[in-house]
Amino acid sequence: MIQFEHVSKSYGRSAILHDLSFTVPDGQFLVLIGPSGCGKTTTMKMINRLLEPDGGRVLIDGKDIADMNPVELRRHIGYVIQQIGLFPNMTVEQNICVVPKLLKYSKEQSAEIARNLLELVNLPYDQYAKKYPSELSGGQQQRIGVLRALAASPPVVLMDEPFGALDPMTRETLQDEVKKLQKQLHKTIVFVTHDMGEALRLADTILFMNGGKIEQMAPPEEMLERPASDLVRSFLGKHTVSESAPIRAEDFMRKNPYKVSKDRGVLECAEMMARSGVDTLLVTDENDRYLGVLPIRNIRLYGRTVDSIVPLITKEVHTIHAEDDARETMEYLVTSQDNYVVVLNSDETIAGIITKNSMARVVADTLWGEAQG
Amino acid sequence: MSAFFDAYGALLGRSILIHLGYVLASVSIGLVCGVILGILLSRLPPKWSAFLLPVLSIFQTIPGIVFLGLLFLALGMIPATVLIALCVYATFPILKNTYTGLSQVENRYLEAARGCGMSPMQILVRVELPLALPSIIGGLRMSTVYTVSWTVLASMIGLGGLGDFIYQGISSNNNLLIVAGAIPAALMAVVLGAILDWLQKKATPGREAVS
Ligand SMILES: Nc1ncnc2c1ncn2[C@@H]1O[C@H](COP(=O)(O)OP(=O)(O)O)[C@@H](O)[C@H]1O
Ligand SMILES: [Mg+2]
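From first to last, the protein sequence lines are chains W and Z. For what it's worth, my numbering labels the leading residue of the first sequence as 1, then goes sequentially. For what it's worth, my numbering labels the leading residue of the second sequence as 374, then goes sequentially.
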């Protein structure tokens, strides 16, 4: 249990936090949200004493953390930062095992931990343990960042906008994984974000901050039903709309997927994927019409043998049209192995992409919308 | 040619070894001093280092001969004088690169390290120094290559080394002697540099080499 008791903090003359009091029960997923600069990071960093309050106290399990050794304290609190911060001089396994090593776990024990955790996020140990962070995509790196925070089984994990820099598709996957891990491992998680969609999806309780004060603290459903102020309402924005039934595909596809023209080089495409952390690019012809997709697997397998990406393109992905009925798509995504379908405009140019995750979110929004109306 | 080697071969071999000995000794000492001073300098508030680093750079540009002359006056014409001068000059590039390497470690790594529960010493040893290593080895390389040529100074007071050949060659107008001293010295610089380049690659797996 984490308790803030009348915590305040100033930098010079400007007060950043004002008399902040709240409690996070064990096993709860608390999301801190609010406008930029409202004090979310400052609040979070007080929990592992990267910052000290000027007034008030922070207690963990009833004990004032000011009385604990900060270095020791941090070894028992997981910490994930937005800029990932995997140590580039260490392998994936060494990164994951930083805290176990600090706590003097045996080598075998550490290796076991790394193996189990990697398994948990579907990164096979034998394939990934000895890689360096620079060899991973952004999404994979942040997965490892999360595992590093979990390695020594801390009861409390802090995450400061951990997925802010990732592309939407990877972000949603990681959100699902984190939520799953939290349920599985019964962690108390304090999670900072400025994305209300993310907060609604993850939180047991949302703590909405503004100007260093609590604007509203409530479970997602309650916040959706009774936003405490116009500011909260504006943050909830589109998530409160209650019209039901987004029926056409274009209503819930993701626009602006990563796409390339077919005359781009293999290397260029590989770099683009690495940069944006995706494993597939959509490919268009000279008239911007959809040709197929370019999976990274094909680049890995055959990329060295060809000059152009054309022979690497596959058409095996399901496509639908923007104005099509969405129910078929849902049906298809639920029953097939595919993770996404490509949405095309009537002139065969690319309109967007629908993933399992984006679908689930719309369904959830619709349900909430109905519950509210 | 073979007559030359008959006459000078043994001496040349000995000179190369002596030369190498001076280089290794002074660079090793320079490495220890440079890294320690670089770490200390990086722990000072930025205001201090902003002042100290330029001062050190000016010191470094004092010509070796002048510095050596001053040391002679202070200490006398003894081997220690030359060694001290060589060590001091070997220290500079390493000191500077250690400092730059450490100050370029991105804040996110420091924050992650603190957040993981590393003590300041653990952060230094496990994160900062490994990340600064390419830069430190870059400094070591510079220092080694320079020291190979500065060591020629050692011969000025008859301490041996390849400079002997060069000075003798100049004073007796014997080009062969000059070449016999210069080529091994040049090769030594190239070979040591290559070894350090290789070391730099080995020391930084998973990262781009920085020099
Ligand atoms: N080291 C600092 N010195 C002065 N002001 C700071 C410092 N760190 C943060 N602040 C200020 O404190 C406020 C809250 O910062 P922060 O907690 O990082 O906000 P958030 O994470 O909600 O965006 C901001 O207005 C920021 O400018
Ligand atoms: Mg912040």
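Misleading hints may appear alongside valid ones.
What the hints assert, rightly or not - Calculated cross-link-like contacts (lysine to any residue; reagent style SDA-like; alpha-carbon spacing at most 20 Å):
hint: 1; chain 1: W; residue 1: LYS101; chain 2: Z; residue 2: LYS574
hint: 2; chain 1: Z; residue 1: LYS574; chain 2: W; residue 2: MET90
hint: 3; chain 1: W; residue 1: LYS45; chain 2: Z; residue 2: VAL498
hint: 4; chain 1: W; residue 1: LYS104; chain 2: Z; residue 2: VAL498
hint: 5; chain 1: W; residue 1: LYS101; chain 2: Z; residue 2: GLN495
hint: 6; chain 1: Z; residue 1: LYS575; chain 2: W; residue 2: LYS104
hint: 7; chain 1: Z; residue 1: LYS574; chain 2: W; residue 2: LYS104
hint: 8; chain 1: W; residue 1: LYS131; chain 2: Z; residue 2: ALA559
hint: 9; chain 1: W; residue 1: LYS45; chain 2: Z; residue 2: GLU484
hint: 10; chain 1: W; residue 1: LYS131; chain 2: Z; residue 2: PRO493
hint: 11; chain 1: W; residue 1: LYS107; chain 2: Z; residue 2: LYS575
hint: 12; chain 1: Z; residue 1: LYS575; chain 2: W; residue 2: TYR132
hint: 13; chain 1: W; residue 1: LYS104; chain 2: Z; residue 2: ARG580
hint: 14; chain 1: Z; residue 1: LYS575; chain 2: W; residue 2: GLU135
As the list claims (entries may be wrong) - Label pairs and their in silico Cβ distance ranges:
hint: 15; chain 1: W; residue 1: GLY164; chain 2: Z; residue 2: LEU560; range: 30 to 40 Å
hint: 16; chain 1: Z; residue 1: VAL405; chain 2: W; residue 2: GLN184; range: 42 to 52 Å
hint: 17; chain 1: W; residue 1: HIS18; chain 2: Z; residue 2: VAL405; range: 48 to 58 Å
Read the hints as simulated data drawn from the structure, not as lab findings. Owing to the predicted nature of the structure, the values given are computational and were not obtained by experimental measurement. Virtual Cβ for every residue (Gly too), placed ideally from N, Cα, C.
Quick rundown of the hints versus the structure:
With a C-alpha separation of about 26 Å, the suggested pairing of LYS101(W) with LYS574(Z) is violated against the 20 Å cut-off. For a cut-off of 20 Å, the pair hint linking LYS574(Z) to MET90(W) stands: about 15 Å separates their Cα positions. Proposed proximity of LYS45(W) and VAL498(Z) is contradicted: the alpha carbons are some 24 Å apart, above 20 Å. Between LYS104(W) and VAL498(Z), the direct Cα distance comes to roughly 16 Å. Compliance with the 20 Å bound is thereby established for this hinted pair.
With a C-alpha separation of about 11 Å, the suggested pair LYS101(W) and GLN495(Z) falls inside the 20 Å cut-off, and the hint holds. Distance check on the hinted pair: LYS575(Z) and LYS104(W) sit about 27 Å apart at the alpha-carbon level, beyond 20 Å; violated. Restraint check for LYS574(Z) and LYS104(W): not satisfied, since their Cα atoms lie roughly 30 Å apart, outside the 20 Å limit. For a cut-off of 20 Å, the pair hint linking LYS131(W) to ALA559(Z) is broken: about 39 Å separates their Cα positions.
Taking the CA atoms of LYS45(W) and GLU484(Z), the gap is near 11 Å; set against the 20 Å cutoff, the hint holds. Taken as a hint, the LYS131(W) and PRO493(Z) pair is broken in the structure, with Cα atoms around 27 Å apart against an allowance of 20 Å. Annotation: proposed proximity of LYS107(W) to LYS575(Z) is violated, straight-line Cα distance about 24 Å (limit 20 Å). For the hint pairing LYS575(Z) with TYR132(W), the CA-to-CA distance comes to about 14 Å; that is within 20 Å, so the pair holds.
For a cut-off of 20 Å, the pair hint linking LYS104(W) to ARG580(Z) is broken: about 27 Å separates their Cα positions. Restraint check for LYS575(Z) and GLU135(W): the C-alpha separation of about 17 Å stays at or below 20 Å, so the hint holds. Take GLY164(W) and LEU560(Z): their Cβ atoms lie about 54 Å apart, and the range 30 to 40 Å is violated. Checked against the hint of 42 to 52 Å, the pair VAL405(Z) and GLN184(W) passes, with Cβ atoms roughly 50 Å apart.
Against the hinted window of 48 to 58 Å, the Cβ-Cβ separation of HIS18(W) and VAL405(Z) comes to about 52 Å, which satisfies the hint.
In terms of the numbered hints stated before, the structure departs from hints 1, 3, 6, 7, 8, 10, 11, 13 and 15, listed from lowest to highest.
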